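Peer 1: The lines below spell out each chain.
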Amino acid sequence: MSSLFDRMFGGRKPTSSQVAKERLQLVLVHDRSNLTPAQVAAMKDEILEIIARYVDFDREEVEIALTSSDRENTLRAEIPIRPTSGRRRRPVTPAPLSDA
Amino acid sequence: MSARVITITSGKGGVGKTTATANLAVAFALLGKKVACIDADIGLRNLDVVLGLENRIVYDIVDIVEGRAKLRQAMIRDKRLKEDLYLIPAAQTRDKTAVSPSDMVRVCDELKPLVDYILIDSPAGIERGFRNALAPADEVVIITNPEVSSVRDADRIIGLIEAEQKGPGKLVINRVKPDMVKRGDMLSPEDVIDILAIKLVGLVPEDELILVSANQGSPAALTPDKSKAGKAFQNIARRLLGQDVPFMALDEDLTFVQRFLRALGFSSENVDSGNNTARNKKNNDKAGSTSKSEKEKIEESAGAES
Ligand SMILES: Nc1ncnc2c1ncn2[C@@H]1O[C@H](COP(=O)(O)OP(=O)(O)O)[C@@H](O)[C@H]1O
Ligand SMILES: [Mg+2]
Numbered sequence: 001m002s003s004l005f006d007r008m009f010g011g012r013k014p015t016s017s018q019v020a021k022e023r024l025q026l027v028l029v030h031d032r033s034n035l036t037p038a039q040v041a042a043m044k045d046e047i048l049e050i051i052a053r054y055v056d057f058d059r060e061e062v063e064i065a066l067t068s069s070d071r072e073n074t075l076r077a078e079i080p081i082r083p084t085s086g087r088r089r090r091p092v093t094p095a096p097l098s099d100a
Numbered sequence: 001m002s003a004r005v006i007t008i009t010s011g012k013g014g015v016g017k018t019t020a021t022a023n024l025a026v027a028f029a030l031l032g033k034k035v036a037c038i039d040a041d042i043g044l045r046n047l048d049v050v051l052g053l054e055n056r057i058v059y060d061i062v063d064i065v066e067g068r069a070k071l072r073q074a075m076i077r078d079k080r081l082k083e084d085l086y087l088i089p090a091a092q093t094r095d096k097t098a099v100s101p102s103d104m105v106r107v108c109d110e111l112k113p114l115v116d117y118i119l120i121d122s123p124a125g126i127e128r129g130f131r132n133a134l135a136p137a138d139e140v141v142i143i144t145n146p147e148v149s150s151v152r153d154a155d156r157i158i159g160l161i162e163a164e165q166k167g168p169g170k171l172v173i174n175r176v177k178p179d180m181v182k183r184g185d186m187l188s189p190e191d192v193i194d195i196l197a198i199k200l201v202g203l204v205p206e207d208e209l210i211l212v213s214a215n216q217g218s219p220a221a222l223t224p225d226k227s228k229a230g231k232a233f234q235n236i237a238r239r240l241l242g243q244d245v246p247f248m249a250l251d252e253d254l255t256f257v258q259r260f261l262r263a264l265g266f267s268s269e270n271v272d273s274g275n276n277t278a279r280n281k282k283n284n285d286k287a288g289s290t291s292k293s294e295k296e297k298i299e300e301s302a303g304a305e306s
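Protein chains in written order, with the working numbering: chain A, 1 to 100; chain B, 1 to 306.
No wet-lab data here; the hints were simulated from the structure.
Careful: at least some of the hints might be erroneous.
Looking from chain B toward chain A, a few residues come up when the C-beta cut is under 10 angstroms (computed) [as the list claims (entries may be wrong)]:
id: 1; residue: R56
id: 2; residue: I57
id: 3; residue: L196
Derived pair list, reagent style DMTMM-like, types lysine to aspartate or glutamate, alpha-carbon separation capped at 25 angstroms [said to hold, decoys possible]:
id: 4; chain 1: A; residue 1: K44; chain 2: A; residue 2: E22
id: 5; chain 1: B; residue 1: K166; chain 2: A; residue 2: E22
id: 6; chain 1: B; residue 1: K170; chain 2: A; residue 2: D31
id: 7; chain 1: B; residue 1: K170; chain 2: A; residue 2: E22
id: 8; chain 1: A; residue 1: K13; chain 2: B; residue 2: E208
So the derived list for chain A, only partly shown, Cβ under 8 angstroms to chain B, looks like this [claimed, not checked]:
id: 9; residue: K13
id: 10; residue: Q18
id: 11; residue: A20
id: 12; residue: R23
id: 13; residue: Q25
id: 14; residue: V27
id: 15; residue: D31
id: 16; residue: Q39
id: 17; residue: M43
id: 18; residue: D45
id: 19; residue: R71
id: 20; residue: L75
Predicted, not measured: the structure shown is a model, and the values here were computed from it.
Think of the CB as a built atom: it goes at the ideal place given N, C-alpha and C, for glycine as much as any other residue.
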């Protein structure tokens, strides 16, 4: 949001109504999902714990966000996976279209 | 004739539900519709005084529900108006549990053949009184003020209305102060629509005449030429009737709001249909995003160079 403010107001101090809008949007994400900020943080940790069992990633690069727009909540996760040497994707042999 | 039931609610108290119910009832009557309004705020009855009918109460809704009075006996007719406007008052000495949601449905079913519109003034809160008011609704009008706690409560109410399959409801923003909006010290109508993402059906300015008319028991909608708020309620009634009424400038400054709306891709004339545009353009707010993705960083730096 602050980047939006910067774009709209050239880094000027936001007005009290802009502050109100931003605070409302944040609080409504939690109201609408029935989750406290602490629960959201715990959920993120658990999600990452499970993913870490299967793939290697850099925690700094992870983005997990609960967003609310148009009255619907979405959980978006973007977790760039680190390339690992040695473990390559198996070459895929195209399946024949028919037996003939 | 089978009336349409419109429930006026808000979550938070003191935002203007009773004021809106009284003024919409008068506005519907002036537009030639037969209206009945029900005060569902049992124990805290107020619609009677706002309408100026308090001295004529004999029976109330609890008397109907408990069989002490026939529906007709509890309907108080407003004699100032040519077209029928009736009030069914709340009981003052009982509490919300004296009436159940199915009682409300039954009373409305009996009332439906008699009028064109039934307006229900909901009490504040999300408990029994709200459930009572919501149960018979065909349509819900949510009143909010451009202020954080009121908008937050409205959001919660909209969620509950949707959960009851009565949603999403239509929004009235009451007590707008154009000069404060202009200064950036009050959420603009656009901000509120953006957050709540429901259809706007009216903008009502802050207007001293609302208090004056409540003092006198004579709703501002009786004199829409004298009061901007009264005029705004008349416009809301017409929109609820399905008419296409452009959003008026609340005063000179409210052309500012119209500019605002236009800047978002729609003219003040079609806010109703246009608020989808606002939704699509809306930025997702990010609660606790951990860090930027590499992709985003690259895009940003590329953008800075070009
Ligand atoms: N547009 C307005 N301008 C000025 N005062 C208003 C306006 N709308 C409501 N009020 C005042 O706000 C107070 C609360 O309104 P009311 O309709 O009783 O709210 P609710 O029924 O939601 O509790 C009343 O004193 C009323 O006169
Ligand atoms: Mg009230």
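Peer 1: If a hint holds in the structure, say so; if it doesn't, say that too.
Peer 2: Consistency of the hints with the structure:
Here the hint on B:R56 is broken, as its CB sits about 42 angstroms from the closest CB of chain A, past 10 angstroms. Hint status for B:I57 relative to chain A: violated, with the closest Cβ pair at about 39 angstroms, above 10 angstroms. For B:L196, the interface hint holds, the least distance from its beta-carbon to any beta-carbon of chain A being 8 angstroms, beneath 10 angstroms. Restraint check for A:K44 and A:E22: the C-alpha separation of about 23 angstroms stays at or below 25 angstroms, so the hint holds.
For the hint linking B:K166 to A:E22, the alpha-carbon distance of about 28 angstroms lies beyond 25 angstroms, and the restraint is violated. A hinted pair counts as satisfied when its Cα atoms are at most 25 angstroms apart, and B:K170 with A:D31 qualifies at roughly 20 angstroms. Of the supplied pair hints, the one linking B:K170 and A:E22 holds, its CA atoms being roughly 23 angstroms apart against a limit of 25 angstroms. Taken as a hint, the A:K13 and B:E208 pair is broken in the structure, with Cα atoms around 33 angstroms apart against an allowance of 25 angstroms.
Using the Cβ-Cβ criterion of 8 angstroms, the hint placing A:K13 at the interface with chain B is not satisfied: the shortest such distance is roughly 10 angstroms. Checking A:Q18 against chain B: minimum C-beta separation of about 7 angstroms stays under 8 angstroms; hint holds. Taking 8 angstroms as the C-beta contact cut-off toward chain B, the hint placing A:A20 at the interface holds, the least distance being around 5 angstroms. The interface hint given for A:R23 holds, since its Cβ lies 7 angstroms from the closest Cβ of chain B, which is under the 8 angstroms cut-off.
Here the hint on A:Q25 is kept, as its CB sits about 4 angstroms from the closest CB of chain B, short of 8 angstroms. The interface hint given for A:V27 holds, since its Cβ lies 6 angstroms from the closest Cβ of chain B, which is under the 8 angstroms cut-off. For A:D31, the shortest C-beta to C-beta distance to chain B is roughly 6 angstroms, which falls under 8 angstroms, so the interface hint holds. With a least beta-carbon distance of about 11 angstroms to chain B, the hint placing A:Q39 at the interface is violated under the 8 angstroms criterion.
The interface hint given for A:M43 is broken, as the beta carbon of that residue sits about 10 angstroms from the closest beta carbon of chain B, more than 8 angstroms. Residue-level restraint check for A:D45 is violated (minimum Cβ-Cβ distance to chain B is 10 angstroms; threshold 8 angstroms). Nearest Cβ of chain B to the Cβ of A:R71: about 5 angstroms, under the 8 angstroms cut. The hint holds. Using the Cβ-Cβ criterion of 8 angstroms, the hint placing A:L75 at the interface with chain B is not satisfied: the shortest such distance is roughly 10 angstroms.
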